[in-house]
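So you can see what is in the structure, the chains are spelled out below.
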Amino acid sequence: MANLIEIEHLSKRYGKLRALDDVSLRVGAGRIVGLIGRNGAGKTTLLKAILGLTPYQGSVRVFGLEASRDRSALMSEICFIADTGVLPRWLRVDHAIDYVEGVHPRFDRRRAEAVLTDTQIPRRARIGELSKGMITQLHLALILAIDARLLVLDEPTLGLDLIYRRQFFDTLLNDYLDNERTILLATHQLEEVEHLFTDVLIIDQGRVALDTAVEDLPQRFVQLSVAAGKSEAARALHPLYTREVLGRPVMVFENQPREALAGLGEISTPRIADLFVAKLSAREPGPAPLQVGAVA
Amino acid sequence: MKVLLMQMRRELWEHRSLWIAPLLVGLLLLAAVATVGRIQFYQGPAPGPAATSSVNTPFEQMVLGWGIPFYLVSLIVIVVYLLDCLYGERRDRSILFWRSMPVSDTQTVLAKLLVGLLIVPVGAFLLSAVTSLLASAILALRHHVLVNGQRAPLWDAAAWLHMQLRVLYSLIVLILWYAPYAAYLMLASVWARRSAYAWAFVPPVLVAMFENILLGTRYVGGVVQRGLNDVLRLAFNLNRQFAYNLGDQLPTRRAAPGNGGGASAFLENPQMWLGLLAAVLMLLLVIRLRRYRDDS
Chain A
1 MANLIEIEHL SKRYGKLRAL DDVSLRVGAG RIVGLIGRNG AGKTTLLKAI
51 LGLTPYQGSV RVFGLEASRD RSALMSEICF IADTGVLPRW LRVDHAIDYV
101 EGVHPRFDRR RAEAVLTDTQ IPRRARIGEL SKGMITQLHL ALILAIDARL
151 LVLDEPTLGL DLIYRRQFFD TLLNDYLDNE RTILLATHQL EEVEHLFTDV
201 LIIDQGRVAL DTAVEDLPQR FVQLSVAAGK SEAARALHPL YTREVLGRPV
251 MVFENQPREA LAGLGEISTP RIADLFVAKL SAREPGPAPL QVGAVA
Chain B
1 MKVLLMQMRR ELWEHRSLWI APLLVGLLLL AAVATVGRIQ FYQGPAPGPA
51 ATSSVNTPFE QMVLGWGIPF YLVSLIVIVV YLLDCLYGER RDRSILFWRS
101 MPVSDTQTVL AKLLVGLLIV PVGAFLLSAV TSLLASAILA LRHHVLVNGQ
151 RAPLWDAAAW LHMQLRVLYS LIVLILWYAP YAAYLMLASV WARRSAYAWA
201 FVPPVLVAMF ENILLGTRYV GGVVQRGLND VLRLAFNLNR QFAYNLGDQL
251 PTRRAAPGNG GGASAFLENP QMWLGLLAAV LMLLLVIRLR RYRDDS
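Chains as they are written, first to last, in our numbering: chain A, 1 to 296; chain B, 1 to 296.
Hints are not guaranteed to be accurate.
[Unchecked claim] Here are some chain A residues the structure puts well away from chain B; computed CB gaps all over 12 Å:
{"no.": "1", "residue": "Ser76"}
{"no.": "2", "residue": "Pro122"}
{"no.": "3", "residue": "Asn255"}
[To be verified] Label pairs and their in silico Cβ distance ranges:
{"no.": "4", "chain 1": "B", "residue 1": "Ile76", "chain 2": "A", "residue 2": "Asp94", "range": "47 to 53 Å"}
{"no.": "5", "chain 1": "A", "residue 1": "Asp94", "chain 2": "B", "residue 2": "Ala32", "range": "31 to 37 Å"}
{"no.": "6", "chain 1": "A", "residue 1": "Gly58", "chain 2": "B", "residue 2": "Leu206", "range": "48 to 54 Å"}
{"no.": "7", "chain 1": "B", "residue 1": "Ala32", "chain 2": "A", "residue 2": "Asn39", "range": "58 to 64 Å"}
{"no.": "8", "chain 1": "B", "residue 1": "Ala198", "chain 2": "A", "residue 2": "Gln57", "range": "31 to 37 Å"}
{"no.": "9", "chain 1": "A", "residue 1": "Asp22", "chain 2": "B", "residue 2": "Leu24", "range": "57 to 63 Å"}
{"no.": "10", "chain 1": "B", "residue 1": "Arg91", "chain 2": "A", "residue 2": "Ser268", "range": "46 to 52 Å"}
{"no.": "11", "chain 1": "B", "residue 1": "Leu24", "chain 2": "A", "residue 2": "Arg123", "range": "24 to 30 Å"}
[Claimed, not checked] With a straight-line Cα cutoff of 20 Å, these simulated EDC-like cross-link-like pairs (lysine to aspartate or glutamate) come out:
{"no.": "12", "chain 1": "A", "residue 1": "Lys279", "chain 2": "A", "residue 2": "Glu254"}
{"no.": "13", "chain 1": "A", "residue 1": "Lys279", "chain 2": "A", "residue 2": "Asp170"}
{"no.": "14", "chain 1": "A", "residue 1": "Lys230", "chain 2": "A", "residue 2": "Glu266"}
{"no.": "15", "chain 1": "A", "residue 1": "Lys279", "chain 2": "A", "residue 2": "Glu194"}
{"no.": "16", "chain 1": "B", "residue 1": "Lys2", "chain 2": "B", "residue 2": "Glu14"}
{"no.": "17", "chain 1": "B", "residue 1": "Lys2", "chain 2": "A", "residue 2": "Glu101"}
{"no.": "18", "chain 1": "A", "residue 1": "Lys279", "chain 2": "A", "residue 2": "Asp21"}
{"no.": "19", "chain 1": "A", "residue 1": "Lys279", "chain 2": "A", "residue 2": "Asp161"}
{"no.": "20", "chain 1": "A", "residue 1": "Lys279", "chain 2": "A", "residue 2": "Asp211"}
{"no.": "21", "chain 1": "A", "residue 1": "Lys132", "chain 2": "A", "residue 2": "Asp108"}
{"no.": "22", "chain 1": "A", "residue 1": "Lys132", "chain 2": "B", "residue 2": "Glu11"}
{"no.": "23", "chain 1": "A", "residue 1": "Lys279", "chain 2": "A", "residue 2": "Glu191"}
{"no.": "24", "chain 1": "A", "residue 1": "Lys132", "chain 2": "A", "residue 2": "Asp94"}
{"no.": "25", "chain 1": "A", "residue 1": "Lys16", "chain 2": "B", "residue 2": "Asp294"}
{"no.": "26", "chain 1": "A", "residue 1": "Lys230", "chain 2": "A", "residue 2": "Glu259"}
{"no.": "27", "chain 1": "B", "residue 1": "Lys2", "chain 2": "A", "residue 2": "Glu77"}
{"no.": "28", "chain 1": "B", "residue 1": "Lys2", "chain 2": "A", "residue 2": "Asp94"}
{"no.": "29", "chain 1": "A", "residue 1": "Lys132", "chain 2": "A", "residue 2": "Asp170"}
{"no.": "30", "chain 1": "B", "residue 1": "Lys2", "chain 2": "A", "residue 2": "Asp98"}
{"no.": "31", "chain 1": "A", "residue 1": "Lys230", "chain 2": "A", "residue 2": "Glu194"}
{"no.": "32", "chain 1": "B", "residue 1": "Lys2", "chain 2": "A", "residue 2": "Asp108"}
FYI, nobody ran anything at the bench for these hints, they're computed from the structure.
Just so it is clear, the structure is predicted and the values come from calculations on it, not from any experiment.
The beta carbon of each residue, even a glycine, is placed where N, CA and C say it ideally should be.
With the sequences and hints as input, model every part of the structure.
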């Protein structure tokens, strides 16, 4: 499979802060990558590097082009929605459509209008007069009308209510199924979108903590709801992370054969949110394991 | 080219004062001409063809006088525009949207420069030309009503055309002459984190002061003063023969004192070429800064 994105030894500093620290990764065509990390973990910086919006050390090749050097050429192939509405507030809705049509060779006005007809956005309103949900709808309509191969979304639904979030991801998914696109989606609202992901990329303190296909998760990670009296045995197998659910320890193991755990309790595949917490607490042995030790 | 035109339209959407202000001047002027003052025309000899002498006929003075408010107002809106054009987009983070479009930073900066240095001045020129035509017509009509069907004595088509050509020539000279100042304002705009105005006006004054104190020279001060002086002359001296001789006077007087001036003297003026060179260098810096600056 061809790689759309190839990142080698990407680092980025803001003064003394290492926003990204020697990141290397690849993203294949047609994947939907969930980019997960705490606030300030480096997600936005990574996305900006991929978009050529920020200078960096290392190499970021997107469609074979070096991102920081060829940004404007790259932008015919990439679409981007940032976390908070970055559409200029003074711009009128119809002018926004005119503008993108004027500068983007792959923009299809009819598609944008089609997406917008399902919304209540007045065409002659200024963007500043629209609600936050409407602005995001408009931005999505503009972007889905562009026949781009890569979609980069940086917490696009931040601050939207449940209905708008649903609509956003429904529209996105329908469009994705119609057009083979690659999507890079950074989000905190995992529960709502994790079923979309084909890949998971966890960033922590500027480094890649986990980079895997969702289909490989069951082989690699196991969640064990420990049966009574088996805590010691389970802990001996070095769980990545332990938490307590209804008085029972629940442990996440990495690269531990399922057979070895089968006798110790109920086995399942951890959800991505649990995996995220597991990966991050494995880095900093903090209060979580200690608590469990005290209980068991 | 299509992209550049759309970029320029977008500037006029955002900075509506660029065309509303001169338009308003025209309307106010016409309203004033139509209502204010007694009709009391020049009683001397009938105006002949445009004189080659530097003394303007009353008609010429009137046409010049009508032009002044256009150029003053345009000057103000252009300065405000150039200072805001690369700062505002970072302040409201809309730069993330603009830069997610396949438009290079060079195209963006060029479009902004063209709007400030060409579109608005030429627009103001055209507006003032049309206004002076309409105002003359209104005066003629008022005269006609008052003086019982007599032909208006003042209108002089040849003189009008001649004035417009002179003003247009002055405009071209001024555009070339002020290009480095425009580039400097854009540099302040792309550089500033807080106040673009402070960056535009404080450093030159400080540098000029220190230069004067430490080195005893007044080079920077001279450059600053030159810019201001010419603007002030433009503002307050127009009523005499200023605009009439503007094209000859401004730069050439210094280059070749005693020389009558003219287009060739202006084109041979090394200061003009140095200024253009400085403008190009500053614009390259502006493009680079917009490209690599990341504080959104």
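Is the distance from the Cβ of Gly58 of chain A to the Cβ of Leu206 of chain B consistent with 48 to 54 Å? 39 Å, violated
Has the hinted range 31 to 37 Å been met by the Cβ atoms of Asp94 of chain A and Ala32 of chain B? 36 Å, holds
Taking 47 to 53 Å as the stated bounds, is the beta-carbon spacing between Ile76 of chain B and Asp94 of chain A within them? Since the Cβ atoms of Ile76 of chain B and Asp94 of chain A sit about 30 Å apart, the hinted range of 47 to 53 Å is violated.
Against the 20 Å threshold, does the CA-CA distance of Lys2 of chain B and Asp98 of chain A hold or violate the hint? 12 Å, holds
Separation of Ser76 of chain A from chain B, once the least beta-carbon distance is taken, above 12 Å: 4 Å, violated
Test the statement that Pro122 of chain A is away from the interface with chain B: the closest C-beta pair must be farther apart than 12 Å. Holds, because the least Cβ-Cβ distance between Pro122 of chain A and chain B comes to about 17 Å, which exceeds 12 Å.
46 to 52 Å as the expected CB spacing between Ser268 of chain A and Arg91 of chain B, which holds or is violated: Holds, since Arg91 of chain B and Ser268 of chain A (Cβ atoms, about 49 Å apart) stay within the stated range.
For the pair supplied as a hint, Lys16 of chain A and Asp294 of chain B, confirm whether the alpha-carbon distance does not exceed 20 Å. 16 Å, holds
Given the hint that Lys279 of chain A pairs with Glu191 of chain A, does the C-alpha gap stay at or below 20 Å? 17 Å, holds
Between the alpha carbons of Lys279 of chain A and Glu254 of chain A, is the straight-line distance 20 Å or under? Judged against 20 Å, a Cα distance of about 10 Å means the pair holds.
Hey, does Asn255 of chain A actually stay past 12 Å from chain B on C-beta? Per Cβ check, Asn255 of chain A is outside 12 Å of chain B; nearest 38 Å; holds.
When you check the alpha-carbon spacing of Lys279 of chain A and Asp21 of chain A, does it fall within 20 Å? 17 Å, holds
Hints 1, 4, 6, 13, 19, 21, 22 and 31 from the list above are not met by this structure, while the remaining hints are.
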